[in-house]
Amino acid sequence: MTSTLKIEGLRVEVAGKEVLKGLSLTMHSGEVHAIMGPNGSGKSTLAHALTGHPGYRVLEGSVTIDGVELLTMSPTDRAREGLMLVLQQPFEIPGVRSFDLLEAAGADPTTLRARMLDEARRIELPPELLDRFVNVDLSGGERKRAEMVQLGVLRPKFALLDEIDSGLDVDALDAVAQRLVAATTEWNCGVLAITHFRRLLLELTPTMIHVMSGGRVVATGGPELAVTLERDGYETFRDASN
Amino acid sequence: MTTFADSASTFIANRPDAATRRLAWSVFEATGLPTTTDEVWRYAPLGDLDLGHFEVPSAPSDPPDSDFAAQLCQRAGLVVRVVDGFCVSTGDVVEGVNVEVDESSESLAGETLVRRYEGDTFALLNVALAPGATVIRVAAGVNVREPVVVLNESTAGASFPRTQIVVGRGASVTVVEYFEGGRDALVVPVSEYRLDDNASLQLITYQRLDSTAWHVARTTGFLSRDARLHQAIVGLGAHYDRARNDAEMLGAGAANELRTTFLGSGNQVHDFRTRQYHVAPRTTSTLLSKGAVADHSRSVYTGLIEIEKGAKRTDARQTNHNLLLSPNAHADSVPNLDIRENDVMCAHASSVGPLDELQRWYLESRGVSRHDAQRLLIQGFFYEMLSALPSELAELVESDVASVLSSVAEVIS
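Going down the list, the sequences are from chains A and B.
For the first sequence, counting from 1, position 83 maps to 90 in the working numbering; every step adds exactly one.
For the second sequence, counting from 1, position 245 maps to 258 in the working numbering; every step adds exactly one.
Hints in this document: simulated from the structure, not taken from any laboratory.
Given the structure is predicted, the values throughout are model-derived calculations rather than measurements.
One or more of the hints may lead you astray.
Interface residues of chain A toward chain B, partial, derived using beta-carbon atoms under 7 angstroms [as the list claims (entries may be wrong)]:
hint, residue
1, T58
2, T83
3, I100
4, A111
No residue lacks a Cβ here, since even glycine has one placed at the ideal position from N, Cα and C.
Bound-form chain B, shown alone:
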């Protein structure tokens, strides 16, 4: 046995709903970790992943907040704190918002989590090993004015945060899921978002984990009639950063906008997968992915637009632009379409290339240093991503991203 299996076994034995957890664990054991011969894991440095040495904590530790986390919380109307996957604080009372921990192992899709994620090894580990789901419910018709921040902090070991957000009919809310810490850790979040008719969720997922962390995340949005899910995902941290982001447009007129932004340096791998699943008519998905890779880092973007028969007048768009900041960096872009309805609009575009040499020269010919010219051009490349953030958070996130960009621009100068 390993540290991981031992600690997982102890953890499961001491939690409610141990039977479901054991079921998920047994499916995990039967399938094992994926390998790079599996197409969807082709680019993951799985050979470096020593799952056995991660310990599953039986209780949360008590890490200090970073300066950024503290500033983020100042801008929040409600702060939910999750440490090592354990919800340690549900925050203040905000009218119309209910936060609680649910250990029932049910998916917001209306089936069990085991069934929902049976084909996904890492998500199954979350089903077995998450201390519970932090569930945020916004009551029908409530417009939550200030952002809700879910502060996910990870210390060492393996942690399995699970978040479920339910936005009632006609309600609207902005939620930030923030991840930090995670030195030499494995962080496997599973998040689900259910938007009832005409609900609106603006979601920012900001991943700032330590550069040694393994981050394997999965999110799914379930959208009812005329619901709007606007997602911004920013991935800066982790050694291996994988995020699978799905949205299911189940009600007519549902709309998903997804913007993924990533910046790779060192030996990082950013591995983004998306699936926009159009079931109902007149649904839209707009996906824009922009990433830059420096040093020996690499990125993969694989996006699937799937349109069911009957999802008439669906409008689905996918755009992916990649900036190569070093000759040793690499970016792959793989758009896929699976369309079973004729009356649809679909488009995809992608590009991979270095910084424009002539734009850089133009800036330099004004007396801008090489470093600043590159920093400005990279910032310019990302501008449209960050400008879409809600105004009360844009400045804070922009300046934090800018500090990382600046250090990358320094390295490539």
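So here's chain A without its partners, still in its complex pose:
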């Protein structure tokens, strides 16, 4: 079944300042879209607002999966509707193991261990790291791989990647990207990748690129848009938003 993630006229305030000023975007499951934009354009705000981060206040707009409004839901229920954020810097949770996190997130405990091992193997995360506390004593690359284990177990309808390429070495980046591409066919996962580097996109090969500036999507196009951005920078698009 094809699902649709629809963001309409989203306005979000952070610390009293309006950062998203009417953002709209639609994508379907199985697709890979990228959001690119300069620092301060509101990319991370989008990721956090969608998942109900406590520091972000939605002023107006709508975010739906298959017509079901997410913005009125708790972060838990949004996740259960199929939205998962893969963080740039996943939090350390001392004293809590990934197994317990995933079991509490709804994974079947009888098969969970085997699934975690399988996912760790696929993403080349040493299996003994699964027994560490969530993200504790893991390198930046290992954390992203550990996030992929969670993704593979939880199988969200839409994965939202918040600049996961920053601080990641090329091997880890490729492994993460390959896992995400596989997810788009395995369970028809939709991937929305937020980035300001092109490197991740070479592996992910998005079908649509959205350029953000000043809290809005100012341009949407095919993969060629990433090439234009790489060549000309964001300046031309910045002008377009004014």
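Add chain B to chain A, keeping to what the hints say.
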């Protein structure tokens, strides 16, 4: 006269060593109960304590064991049963371990109990009113393989368990002091531990009394050369839970590790006092206290590290972390140092704060419910405390604590 004074008077008249008991009672009467103007009792809800209505039992009752107590006993090599302060069973014979009841009113410190505890009102009541001391002796050189469980059960009224553990030279043993029951009761335990040279005692004090109980406990460890006292104290129960835990490092190289864990809910008060007293050189004390308070509960942790002149190269560390689970809960942390020697290492750290909102959001953003996220974070906070328990008991205590944590996480959701 009150129920308490009447029953105490009858009790004393019918026990051996009535003279010592009367002496302790007279010191108690002269000083009376402490009040909250006394700094060390500042946080105790003493206004709610109606000592007069507690009856001192003349004989133990016969309460059934809880499921937890039964499971604990299954893991023990020796079970000593104490009901309302009376030792009712000294358990099976274990080689190298001797259990008996002593009514001599002597402290393991080598002086009388009256002298030892003359400044401590509640401990004096124990001196006057404990049916006797349950004394567990481990012979020199004996390594007791399975844990010894001292099952303290209290029914109504006032009870005064007294435990003395003597670990001979080079011997080692694990002892669990477990407390349950105590509905509308006053429970005042006094425990002493004497560790001879190179002896090792791993001690778990698990307090699971009824939420209406008053629990005022005092423990003291006396450590000879190279002795090791590893203590884990877990306080979940009681309306007012007070524990003063002292360790005296009397021989060179003695080491005390103390981990106190508490969880408060409702109107509970957890009031922990510690004193690590370093007398001999090269002694160490490592103290870690972690507690969480929910609802209207509160906690106090006051720790004193005292280092005598001559206790060179002492290493003493104190850490106290508190989790506030409700805006109406409160935690105080008061570390104190009293150092009379220059050549020492000393450190203390403390923190008080709520659950991390962003960690909680991270868990929730994976589809974990608010309740489970809080439960996981609280469990995570306590993990290092419970993981230090001996392996044969860790799972049992962990799952019991987890069930209490879960109910607290439910309330604060």
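Hint-by-hint comparison with the structure:
Contact between T58 of chain A and chain B, as hinted, is supported at the beta carbon level, the nearest pair being about 5 angstroms apart and thus within 7 angstroms. Taking 7 angstroms as the C-beta contact cut-off toward chain B, the hint placing T83 of chain A at the interface holds, the least distance being around 5 angstroms. Here the hint on I100 of chain A is kept, as its CB sits about 6 angstroms from the closest CB of chain B, short of 7 angstroms. Because the smallest distance between the Cβ of A111 of chain A and any Cβ of chain B comes to about 4 angstroms, under 7 angstroms, the interface hint for this residue holds.
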